[in-house]
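Enquirer: Take a look at the letters that make up each chain.
2 protein chains.
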Amino acid sequence: MSTRTTANSHHVVIIGAGFGGLETVHRLAGAPVRITLIDRRNHHLFQPLLYQVATASLAPSEIAWPIRQLLRKRLDVTTLLASVEAIDKDARRVRLDDGSTVDFDTLVLATGARHAYFGHDDWEPFAPGLKTLEDATAIRGRILLAFERAEREADEHKLAALMTFVIVGAGPTGVELAGTIAELARSTLPADFRHIDTRKARIVLIEAGPRALPALREDLSAYAKRSLERLGVEVELGQAVTECTGEGVVYGGKTQAAATVIWAAGVQASPAAQWLDAPADRVGRLKVAPDLTAPGHPEIFAIGDAAIVARPDGRPVPGIAPAAKQEGAYVAQAIRARLAGEAAPPPFRYKHAGDLATIGKRRAVIDFGWIQLRGTLAWWLWGFAHIYFLIGVRNRLSVALNWLWIYARDQRSARLITQRGEAEGPSP
Amino acid sequence: MSTRTTANSHHVVIIGAGFGGLETVHRLAGAPVRITLIDRRNHHLFQPLLYQVATASLAPSEIAWPIRQLLRKRLDVTTLLASVEAIDKDARRVRLDDGSTVDFDTLVLATGARHAYFGHDDWEPFAPGLKTLEDATAIRGRILLAFERAEREADEHKLAALMTFVIVGAGPTGVELAGTIAELARSTLPADFRHIDTRKARIVLIEAGPRALPALREDLSAYAKRSLERLGVEVELGQAVTECTGEGVVYGGKTQAAATVIWAAGVQASPAAQWLDAPADRVGRLKVAPDLTAPGHPEIFAIGDAAIVARPDGRPVPGIAPAAKQEGAYVAQAIRARLAGEAAPPPFRYKHAGDLATIGKRRAVIDFGWIQLRGTLAWWLWGFAHIYFLIGVRNRLSVALNWLWIYARDQRSARLITQRGEAEGPSP
Numbered sequence: 540m541s542t543r544t545t546a547n548s549h550h551v552v553i554i555g556a557g558f559g560g561l562e563t564v565h566r567l568a569g570a571p572v573r574i575t576l577i578d579r580r581n582h583h584l585f586q587p588l589l590y591q592v593a594t595a596s597l598a599p600s601e602i603a604w605p606i607r608q609l610l611r612k613r614l615d616v617t618t619l620l621a622s623v624e625a626i627d628k629d630a631r632r633v634r635l636d637d638g639s640t641v642d643f644d645t646l647v648l649a650t651g652a653r654h655a656y657f658g659h660d661d662w663e664p665f666a667p668g669l670k671t672l673e674d675a676t677a678i679r680g681r682i683l684l685a686f687e688r689a690e691r692e693a694d695e696h697k698l699a700a701l702m703t704f705v706i707v708g709a710g711p712t713g714v715e716l717a718g719t720i721a722e723l724a725r726s727t728l729p730a731d732f733r734h735i736d737t738r739k740a741r742i743v744l745i746e747a748g749p750r751a752l753p754a755l756r757e758d759l760s761a762y763a764k765r766s767l768e769r770l771g772v773e774v775e776l777g778q779a780v781t782e783c784t785g786e787g788v789v790y791g792g793k794t795q796a797a798a799t800v801i802w803a804a805g806v807q808a809s810p811a812a813q814w815l816d817a818p819a820d821r822v823g824r825l826k827v828a829p830d831l832t833a834p835g836h837p838e839i840f841a842i843g844d845a846a847i848v849a850r851p852d853g854r855p856v857p858g859i860a861p862a863a864k865q866e867g868a869y870v871a872q873a874i875r876a877r878l879a880g881e882a883a884p885p886p887f888r889y890k891h892a893g894d895l896a897t898i899g900k901r902r903a904v905i906d907f908g909w910i911q912l913r914g915t916l917a918w919w920l921w922g923f924a925h926i927y928f929l930i931g932v933r934n935r936l937s938v939a940l941n942w943l944w945i946y947a948r949d950q951r952s953a954r955l956i957t958q959r960g961e962a963e964g965p966s967p
Numbered sequence: 540m541s542t543r544t545t546a547n548s549h550h551v552v553i554i555g556a557g558f559g560g561l562e563t564v565h566r567l568a569g570a571p572v573r574i575t576l577i578d579r580r581n582h583h584l585f586q587p588l589l590y591q592v593a594t595a596s597l598a599p600s601e602i603a604w605p606i607r608q609l610l611r612k613r614l615d616v617t618t619l620l621a622s623v624e625a626i627d628k629d630a631r632r633v634r635l636d637d638g639s640t641v642d643f644d645t646l647v648l649a650t651g652a653r654h655a656y657f658g659h660d661d662w663e664p665f666a667p668g669l670k671t672l673e674d675a676t677a678i679r680g681r682i683l684l685a686f687e688r689a690e691r692e693a694d695e696h697k698l699a700a701l702m703t704f705v706i707v708g709a710g711p712t713g714v715e716l717a718g719t720i721a722e723l724a725r726s727t728l729p730a731d732f733r734h735i736d737t738r739k740a741r742i743v744l745i746e747a748g749p750r751a752l753p754a755l756r757e758d759l760s761a762y763a764k765r766s767l768e769r770l771g772v773e774v775e776l777g778q779a780v781t782e783c784t785g786e787g788v789v790y791g792g793k794t795q796a797a798a799t800v801i802w803a804a805g806v807q808a809s810p811a812a813q814w815l816d817a818p819a820d821r822v823g824r825l826k827v828a829p830d831l832t833a834p835g836h837p838e839i840f841a842i843g844d845a846a847i848v849a850r851p852d853g854r855p856v857p858g859i860a861p862a863a864k865q866e867g868a869y870v871a872q873a874i875r876a877r878l879a880g881e882a883a884p885p886p887f888r889y890k891h892a893g894d895l896a897t898i899g900k901r902r903a904v905i906d907f908g909w910i911q912l913r914g915t916l917a918w919w920l921w922g923f924a925h926i927y928f929l930i931g932v933r934n935r936l937s938v939a940l941n942w943l944w945i946y947a948r949d950q951r952s953a954r955l956i957t958q959r960g961e962a963e964g965p966s967p
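If you're matching them up, the sequences are chains A and B in order.
According to this note's numbering, the first sequence holds residues 540 to 967 in order.
According to this note's numbering, the second sequence holds residues 540 to 967 in order.
It is worth saying that the hints were derived from the structure and are not from the lab.
None of these values were measured; they are calculated from a predicted model.
Any given hint could be a false lead.
[What the hints assert, rightly or not] Derived lysine-lysine pairs resembling DSS-like cross-links, with alpha carbons at most 27 angstroms apart:
no.	chain 1	residue 1	chain 2	residue 2
1	B	K826	B	K628
2	A	K670	A	K900
3	B	K739	A	K900
4	B	K826	B	K890
5	A	K612	B	K739
6	A	K612	B	K793
7	A	K793	A	K697
8	A	K900	A	K628
9	B	K826	B	K670
10	B	K739	B	K900
11	B	K793	B	K697
12	A	K739	B	K612
Based on the provided sequences and hints, a complete structural model is requested.
Expert: In structure tokens, the structure reads:
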């Protein structure tokens, strides 16, 4: 396709420019391949901080980068903004939304996941999930609009529902959302309203499992729960949500009226396995071999949330950014070895660096395995680590500036309600 | 309405939290009134920099502030997020979108304007205008998407249309948009694409009148035109657009195919005059008396783009931010005088500080009346002036940081295509 690379060199097509796909591209620098990177969005997203966009702390452009700009110096890479419609694995061909096709020698599926409702897709309009920038700005609008509507509401029951925020799922995203919404209500907003006391907002975090942050050690889970409760979050463990409507949720037999429900409970992999007609687990992740290839197709790799990889002890590799990056690096190594005629690298082996989550603006929990941290020190470490992993000096400065303002003055500047429909007339 | 102010004090209702409405609020600080400020958006917008959001230079939250946050210390002010449906001027009552009503003693209409198509409202889908944050992010998406589609386009004619950007109207917004799009295409984007040469993009600025920036002196207009042409903008003066479709525009008998058309040609005032059933000019601006009151209703003021005010020499007060602010200050002064039982202030007299516009990132024109500036010095002055007028230290730092990056490195970080529909599945 490209006029600037050798047309007959080995063509690697990578679908998805998340952490896994981009890492593959980076690790293939200088390899004797030409690369086509396909994503249906024009930006790479730093998902670990997406909850901060949803809670008005950061602007979308602070955690997203144009994919093209990241790869502008890589003349071996062609970036395409396109959706994949189908894959013909025998013809080694990807079909795009405009009907055009891209042939590949090697294919890397790094297509990620989206939130899932365990067979209750009809809940989505009432309980939006958080995977994209559009999700985040939509949730931000819902949260802010609930307070706005509460300010004007005379009916007591409606007011109570508007002042109740339910988060379903107590993994890192759910915990971080609950903690930040609590701080928004307790610290940022109180002085702004005249009729309501935003400090009286109820934040209810519902988790079907027995504890918050189940990936962490039990004492850290207990600490996270206590910290959330100190921020005023009601933590409801061991309670599955059985109903979700415009009025609120039903969980553990109880009905909770709530105008705002956010879904942080489950993911559903991309249709990568369907495209290949290959075996998948119950949430759609492609079951790959220990070398991350699709069964019977050594030229097709799947990584990140699109794949399910078993570890030697039988547990799956977790669906987090470091895992996707390690898998991306492994795939690049495997491709390089093949093209050089060398032996394939040993099966992929995941190295778990640790788990972490913040609870509000002064506490965090970090589990490195060999050491556990919690409290303020962990929170500072979390902050520096995240700024370090952001791409580019400008974004680091910009995020640091915003966090400084939140830390020192409780001001969250990205408190914008947008997307209210563009066709409105000029009335205020 | 408010429980924190004296219910029987004089109630001033202000509709619209733009430059005029906010200035009225600020100048009424400490006056014996309670204030209700109604806006259908939750944010005050710094419209002079809106074109920078549309061209991926700034993030929306850098030029918008939550109205509540700006007024958090003003316990005499209640802010309502609501649309106005009607005004009963005899009952002195405003009716809102939820059916509730707000009674006023004094009403200030500061409801602004929206772009207008001179009787061709059907052109709007093809040629969006720029008045709100949603407009700006939608235009940003269109510009970036045109380059993305061009990168994948094989057909020569379609490619030419995708690489053509038409801006209708050569006032400050049109000139600034054209100059910035030219720089985006010439400086920011070239290295990012593999198939197209973005430097070959055509930017066509069409103006029905005889010159660009008609509010400025003729020599500055000529300088602006030359500067635009040096950036590669085709400036077509004295040519009215007579047709606007999904294929492009027709102007001066010529057909110009273009995938992206932006409307910067005219404004239409808010329906304030209709609400009052009062005389308006041809673009809907309420004809106010020299003291800015509605005819026959001394308790109703109209300011900013919602009103048309004649100057002593017959020319109208221009629809720019400083004019709206002066009018807002005047109205506050008039309200204070009435409540104090003092004589009304003399008729409103507009003081014109000057006109200015930037052309790309190193040139600007400024006309102060007593002195004219152009070139790099004017550009620096323009930049410092705009940073000075931004509200809050954080936003000033943040905008300065972004401009520094654009100036030094040609990187525009807010290059995000969003709002592509949220219901899509997880494929990339």
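Enquirer: Taking the hints in turn, state whether each one holds.
Expert: Hint check:
1. At most 27 angstroms may separate the alpha-carbon atoms for a hinted pair to count; B/K826 and B/K628 meet this at roughly 16 angstroms.
2. Distance check on the hinted pair: A/K670 and A/K900 sit about 22 angstroms apart at the alpha-carbon level, within 27 angstroms; holds.
3. A hinted pair counts as satisfied when its Cα atoms are at most 27 angstroms apart, and B/K739 with A/K900 does not qualify at roughly 48 angstroms.
4. A threshold of 27 angstroms between alpha carbons decides the hint, and for B/K826 with B/K890 the separation of about 19 angstroms falls inside it, so the pair holds.
5. At most 27 angstroms may separate the alpha-carbon atoms for a hinted pair to count; A/K612 and B/K739 meet this at roughly 20 angstroms.
6. This hinted pair does not check out: A/K612 and B/K793 have alpha carbons roughly 40 angstroms apart, beyond 27 angstroms.
7. The hinted pair formed by A/K793 and A/K697 meets the criterion: a straight-line CA distance of about 18 angstroms does not exceed 27 angstroms.
8. Distance restraint check for A/K900 and A/K628: the Cα-Cα separation of roughly 48 angstroms exceeds the 27 angstroms cut-off, and the hinted pair is therefore not satisfied.
9. Using a Cα cut-off of 27 angstroms, the hinted pair B/K826 and B/K670 holds, with the two alpha carbons roughly 22 angstroms apart.
10. About 19 angstroms separates the Cα atoms of B/K739 and B/K900, which keeps this hinted pair within 27 angstroms; it holds.
11. Distance hint between B/K793 and B/K697 is fulfilled; the C-alpha atoms sit about 18 angstroms from each other, no more than 27 angstroms.
12. For the suggested pair A/K739 and B/K612, the alpha carbons sit about 20 angstroms apart, so the restraint of at most 27 angstroms is met.
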